[in-house]
Every structure is written in C-alpha cells, then in structure tokens.
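K.L.:
Sequence positions in the sequence shown follow mature numbering (1 follows the signal peptide of the UniProt record, and there is no 0) and run -25 to -1, 1 to 312.
Derived by calculation from the structure, the hints in this document are not laboratory data.
If you're wondering where the values come from, they're calculated on a predicted model, not measured in any experiment.
By construction, the Cβ of each residue, glycine as well, lies at the ideal position given by its N, Cα and C atoms.
Among the hints, a few may not be true.
Listed below are the simulated SDA-like cross-link pairs for lysine to any residue, each with C-alpha atoms no more than 20 angstroms apart in a straight line [as the list claims (entries may be wrong)]: (1) K93 with Y176; (2) K166 with A152; (3) K71 with E272; (4) K149 with I97; (5) K71 with K304; (6) K304 with R248; (7) K101 with S133; (8) K149 with D164; (9) K309 with E261; (10) K101 with K71; (11) K93 with A45; (12) K71 with R248; (13) K166 with E98; (14) K93 with E169; (15) K71 with S283; (16) K210 with F197; (17) K307 with R248; (18) K166 with G96; (19) K149 with G96.
Ranges between beta-carbon positions, derived for each pair [as the list claims (entries may be wrong)]: (20) D173 with I129: 21 to 31 angstroms; (21) D172 with L239: 37 to 47 angstroms; (22) V241 with E181: 22 to 32 angstroms; (23) A(-1) with G53: 29 to 39 angstroms; (24) G171 with E105: 20 to 30 angstroms; (25) E105 with A(-1): 52 to 62 angstroms; (26) D224 with D199: 32 to 42 angstroms; (27) P131 with E276: 39 to 49 angstroms; (28) V203 with L182: 38 to 48 angstroms; (29) I129 with V203: 30 to 40 angstroms; (30) P146 with D199: 41 to 51 angstroms; (31) A206 with G72: 22 to 32 angstroms.
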Amino acid sequence: MPVNRFLLSTAVVASFACAGAPAGAQEAVTLVLNWTPTADHAPYYYALQEGWYADEGLELSIEVGRGSAASAQQVGVGASEFGVSDLATAMVARGKGADLVALMSVYANTPQGFYWLKSSGIEGPKDFPENRIGNPPGDASRVMWPAFAQAVGIEPDSVNFVNIAPPAKMPSLKSGAVEIISDFYNEHDLKLREFGDDLGYVAWSELGLNPYGNSIVVNGDFLDANEVAVASFVKVSQRAFAACVEDVDPCLQALMAGASGLDLEVQRDQWERIKSLMTDDFTTTEALGWIDGARLESDYELVSTYISIDEPFEIGTMFTTRFLDTSVKMDKSKAGK
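Start from the sequences, fold in the hints, and give me the full structure.
P.N.:
Structure below.
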C-alpha cells in the first residue's frame, strides 16, 4: 500500500501518494502552476492530500510555475501534462506552436488589475506613461499589455517594465522602486491593509477587458492518448473546487501544509475574492469551470487584434468542456466579495 508522503524541495514540487489508493499502476502526471501556491491553488492540494487523484489512478505532482506564459509553454511542449495558465496568454503560446487544450476555467472573470500609490501623482491609467511597471517577464498582464494600453488610450511603449519576482511587488511599490505593479484581485485585501487610502487601483474588467483568466490546460498529445486520465483529472479538480467553495477551511489547511511562507488569514481573504472571479452566468448554470465558446472566440479576437497570434487557429480546437460534470455548478450565493 502506498505511503502518505509530501515533497516540497528547492525545485518546489509537491506530491502525495495516499494510503488506501487502489492497487495497480498509477499514471504519473504533473500540474505546473502559474505562480507560487496561493489560495486559488488550494483545491489541488486538498484533493491531493485527500487521495482523490490517487483514487482515480493518478500520481500527481504539483510544480510551482514562473508565469502563465511559462506554464503554457511547458504544457505545450509536453514537459508537463497539465498546467494552470491565463487563457489569453495560452492563446499566444498556441499561436507559437504550443500544443495545448483548455479543459476548465478557474477565473471566469479576469483577475488582472494595476495598483499604484496616489501619493506618486498617478490618478489613473492615463498617467501611466513614463512610469515603471513592476512584474515578472512571464506575467499575463505584461503579455496582454498592448490590449490594456489600447483600451485606455496610451502608447504601449510609453511605460518601462521592470522585472521583479511576485513576492517583491508590494515592497517594490512601497519603496518607490516602481510606480505601478500588476497583480490579481484576489490579493486586493493585502494591499488595502498595507497602503490604505493611498492605494490606487484599476480592474481590467472595468475597462471592458474581461478575458478568461487562469484555467486548466492539458498537452494536446497527452489528451489524445490518455482521455481516461484527463477525464479523471478534470473530475477530481472540479469536485475539489466545489468542495472548497462549500468549506474552504480544510482546503487552506492542505495548502498551508504544502507551501511555506503563507499567512492563513491572507489566504482566506484571497479565497473570498477568488469565488467572485469563479462566478459568471455559465459557471452557475452550465457547470463549475465552464468555458463558453462564443466568449472565448471574443477573447481570441481581442488577442489577435492587440497582441497578435503568430499562426491563427480555430478556437474550437483549443478547448473542450466534455469532461466537466454538469451536475456540479458554482454556487452563486457563495460568490464572495
């Protein structure tokens, strides 16, 4: 019988093989995250800890990522079977030859936003030119920047991007190393506590830019050859997200056990924001994690217009919802903040 185990090394890979897992060979698969683990990744850690993936014949490892662009590329070349990636960023990767297919949305609404300090003299996006924006090179907001610049009426090359790691975003803003940072809405409360009334913020969705955000993607070749494993992965992941919406406490405990340097209450605040990002007309009526084809087509047009897709493709080849359980829906009454 497999022994319960957890690994988190300097390579930052986590895996559980739970006692009581069915006999027989397990399919070893990797899920590469978009960034370091936070509340939006708690469902994977929870399902892993509970042995749900193992029960379905999957020996899952979770690997920390370096941005949506990196995770999309890693899945696209087959270095990881599954990944978490912003879908607009995944489209760009697909146009460059990455072989990937979206299976389930996590963020039905984009979490993207920009933050600044009002004391810097910035009142809104029109004041961004000649200022520095801090984020990692693979950050989805940097990939999508031309679309944002077009939406607010500024030149895409009017700002300077500064490479900083995710944990350095707030310290860099506070110290003045950068004037603006990009970050997800799920970390909004942390910034409010730190900066109070001096905090300036704009959500992309407020500007009519609301592409699908983080979603689960799979390598195309792996999908073709391993439909049962893919179906099992989606089944467990969808179940885990639904369970965490119902009661996040055990999910956050699993996350805290699997990742270092996290504050429980900060993650709890994040999860409240995340639930609102998971909620739209489709996830509440079709299935939790649903991806709407017409909406994704609109996202594709957005990316094609403002960013460019090297090799155009039919959007229907990039996603499937056939593995989602339509009896599992997002509970709108628990949509959070």
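K.L.:
All the hints need checking, so say for each whether the structure fits it.
P.N.:
Cross-check of the supplied hints:
At most 20 angstroms may separate the alpha-carbon atoms for a hinted pair to count; K93 and Y176 meet this at roughly 9 angstroms. Taken as a hint, the K166 and A152 pair is honoured in the structure, with Cα atoms around 17 angstroms apart against an allowance of 20 angstroms. As the CA atoms of K71 and E272 are separated by approximately 18 angstroms, the hinted pair is consistent with the 20 angstroms bound. Pair hint K149 plus I97 holds up; C-alpha atoms about 14 angstroms apart against a cutoff of 20 angstroms.
Distance restraint check for K71 and K304: the Cα-Cα separation of roughly 34 angstroms exceeds the 20 angstroms cut-off, and the hinted pair is therefore not satisfied. A hinted pair counts as satisfied when its Cα atoms are at most 20 angstroms apart, and K304 with R248 qualifies at roughly 18 angstroms. For the hint pairing K101 with S133, the CA-to-CA distance comes to about 11 angstroms; that is within 20 angstroms, so the pair holds. Only pairs whose Cα atoms come within 20 angstroms are accepted, and K149 paired with D164 is accepted, the gap being roughly 16 angstroms.
Using a Cα cut-off of 20 angstroms, the hinted pair K309 and E261 holds, with the two alpha carbons roughly 17 angstroms apart. The straight-line distance between the Cα atoms of K101 and K71 is roughly 32 angstroms, outside the 20 angstroms bound, and the hint therefore fails. Between the alpha carbons of K93 and A45 the distance comes to roughly 32 angstroms, so the proposed pair goes past 20 angstroms and is violated. Distance check on the hinted pair: K71 and R248 sit about 33 angstroms apart at the alpha-carbon level, beyond 20 angstroms; violated.
Straight-line distance between C-alpha atoms of K166 and E98 comes to about 17 angstroms, which keeps the hinted pair within the 20 angstroms bound. For the hint pairing K93 with E169, the CA-to-CA distance comes to about 14 angstroms; that is within 20 angstroms, so the pair holds. Between the alpha carbons of K71 and S283 the distance comes to roughly 10 angstroms, so the proposed pair stays at or under 20 angstroms and holds. With a C-alpha separation of about 17 angstroms, the suggested pairing of K210 with F197 holds against the 20 angstroms cut-off.
With a C-alpha separation of about 13 angstroms, the suggested pair K307 and R248 falls inside the 20 angstroms cut-off, and the hint holds. Restraint check: the Cα-Cα separation between K166 and G96 comes to about 18 angstroms, which is no more than 20 angstroms; the hinted pair holds. In summary, the hint linking K149 to G96 is supported, as the alpha carbons are separated by about 14 angstroms, within the 20 angstroms threshold. Checked against the hint of 21 to 31 angstroms, the pair D173 and I129 passes, with Cβ atoms roughly 23 angstroms apart.
Against the hinted window of 37 to 47 angstroms, the Cβ-Cβ separation of D172 and L239 comes to about 26 angstroms, which falls outside the hint. A beta carbon spacing of about 24 angstroms between V241 and E181 agrees with the range 22 to 32 angstroms that was offered as a hint. Distance hint check: the CB atoms of A(-1) and G53 are about 20 angstroms apart, inconsistent with the given range 29 to 39 angstroms. Distance hint for G171 and E105: a CB-CB separation of about 26 angstroms, consistent with the stated range 20 to 30 angstroms.
Judged by the Cβ atoms, the range 52 to 62 angstroms given for E105 and A(-1) holds: they are separated by roughly 59 angstroms. The hint said 32 to 42 angstroms for the Cβ distance between D224 and D199, and at roughly 39 angstroms that hint holds. For P131 and E276, the hinted distance range of 39 to 49 angstroms is not satisfied, since their beta carbons lie about 18 angstroms from each other. Distance hint for V203 and L182: a CB-CB separation of about 42 angstroms, consistent with the stated range 38 to 48 angstroms.
Remark: the range hint 30 to 40 angstroms for I129 to V203 is contradicted by a beta-carbon distance near 49 angstroms. In this structure the hint that P146 and D199 lie 41 to 51 angstroms apart at CB holds, the actual value being about 45 angstroms. Restraint check, A206 to G72: a C-beta distance of roughly 26 angstroms satisfies the suggested window 22 to 32 angstroms.
Against the hints set out earlier in the document, violations occur for numbers 5, 10, 11, 12, 21, 23, 27 and 29.
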